[in-house]
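**Student:** Residue numbers (the numbering used here), protein chains in the order written: chain A, 1 to 293; chain B, 1001 to 1244.
Hints in this document: simulated from the structure, not taken from any laboratory.
A portion of the hints provided could be inaccurate.
Said to hold, decoys possible - Once the Cα atoms are required to be at most 30 Å apart in a straight line, the calculated DSBU-like pairs of lysine-lysine come out as:
no.	chain 1	residue 1	chain 2	residue 2
1	B	K1171	A	K185
2	B	K1221	B	K1171
3	B	K1101	A	K185
4	B	K1171	B	K1011
A quick note: this is a predicted structure, and the numbers were derived from the prediction, not measured.
Chain by chain, the residues:
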Amino acid sequence: MSTIEQTASSLGLGAGSVPKPSDAHPGSPRPTVRFAENKRALFILSWVAPVVLLLSWETLAGIGWLEPHILPAPSRVLLTAYDLAVNGTLLNDLATSLRRAATGFTIGGTVAFSLGTLVGFSRIAQAAIDRSVQMIRAVPFLAMLPLVIVWFGVGEAQKIFLVSLGVSFPIYINTTLGIRQVDPKLVELGRVQGLSTAQLIRRIILPGALPSVLTGVRYSLATAWLALVVAETIGAQSGIGFLAMDAREFLRTDVIVLTIVIYAVIGVLADAIARHLEGRLLAWHPNYDKKNR
Amino acid sequence: MTAQSAPRPAKPAAVVTALRRAYGQRIVIDNLDLRIERGEFVALLGESGCGKTTLLRAMARLDPIQGGTLDAPSRPAVVFQEHRLLPWDTLWRNVSLGLPKSGARERAADALTEVGLGNRLDDWPRNLSGGQAQRVALARALVQEPELLLLDEPFAALDALTRIRMHGLVKELVSRHQPGVLLVTHDVDEAIRLADRILVMRDGTIAAEHQVTATTETTAKRVELLAELGVSTNDNTTTNTLRS
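Produce the entire structure from the sequences given, and follow the hints as far as they go.
**Tutor:** Here's what the structure looks like:
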């Protein structure tokens, strides 16, 4: 169900295809049918603006009002994409970038989830760790970049470290939060049913914390991507960011626009995967019920 | 209970002696004695704040006691006022929570069949009505074959008709499984309907005790019990009801 439909049905504007009894009488108002038409109209309308924008961009570039080195035509960017994929290093660079993101995400995510779990469970761990983490969190992690370069140079380690750093805070915070928010009544029930501590964690606390943890994962995917863009812009020898910086040297605006588009597409895909994961893992959760989507 | 001809086991389901329960300086239960036999259904009536839930929680070993002795199974089964089903587990997984893995699904299926939900094994708790959810909670308690079953106002949140149906179900299940039962409630009719023995709790001790038999004149008993709860049937009813 699209967002528009969802909004409309939550406003009580109608119940989809189920006609109201009053529809049978000629001359009476027919809100259901009118609404169905509206729904489609609104959906089309929501796509009109982006398409018009793209078409005018193409036209303006075609008649030469837009200089190619300022903003190349969308068709030109597509051709460049094909060209680079077949003859160039685009797929290689893409793979490199994805590998960096995945490695950084795995390392940062694992460390943050472990720390978050520890702090969520133990008041002692919280006292020992939480304040320091919160203080470091106050630093915008990209401000650490010069320091990270001093530590690791501009090699792979610097990029992966930066991604890990960006990923870790959303996951840490949402893990501790999720564990804290598990209903104490359910924990008490677990004790009544005679669960061991390990069983209590596996059957009650982790499932209870999962919605929050997955929210953290979604946030962290965005920051991982941001960290990668920045890290690859500085001293990379491969990757999407390198492609962009290399293209800048030769004023290949079409390549630069292409890299921007690739970053956007991957960001959207990553979010879609995370959403799908939420839908699968949280099938029990009323908020993630497919019928409500 | 009379339907069961088997002799009652000699060992009682729970014995509480001189129990003392305090929150800091405030004493909630003082010098309380209670004995529940196997197969016996005891209802504990009392006003809000009289300590009846505190007693149940102490007997469930959810809270520590500050004095006296508690001789009860290490793991009594408890049904709370809220169903406390895990929303992320299917019904059979909820019922088998805490059971050994082997044969867990079969035992859960049997228990769910007993409460009339044998066809909903793989359903989610969110698809249940309040009464159905509480029936699952009951199945989860009984699947453990407890010697002692503690019921903490389990029907308070249900509508009147559902509650009456639940009373019948509980009575039937208890007579079949024969645990000792302690039912905490403030519903006099519920106590009379279900219990063999009714205790009235006031100020942290047992203030009165009644045997309920088939020949008990229920109306008179009801008036008497209501009076003991501080609810009389004369002109200051409203005030008293508000107070309780």
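**Student:** Please go over all the hints and tell whether each is borne out by the structure.
**Tutor:** Quick rundown of the hints versus the structure:
{"no.": "1", "hint": "B:K1171 x A:K185", "result": "26 Å, holds"}
{"no.": "2", "hint": "B:K1221 x B:K1171", "result": "20 Å, holds"}
{"no.": "3", "hint": "B:K1101 x A:K185", "result": "24 Å, holds"}
{"no.": "4", "hint": "B:K1171 x B:K1011", "result": "22 Å, holds"}
Violated hints for the displayed structure: none, as all numbered hints are satisfied.
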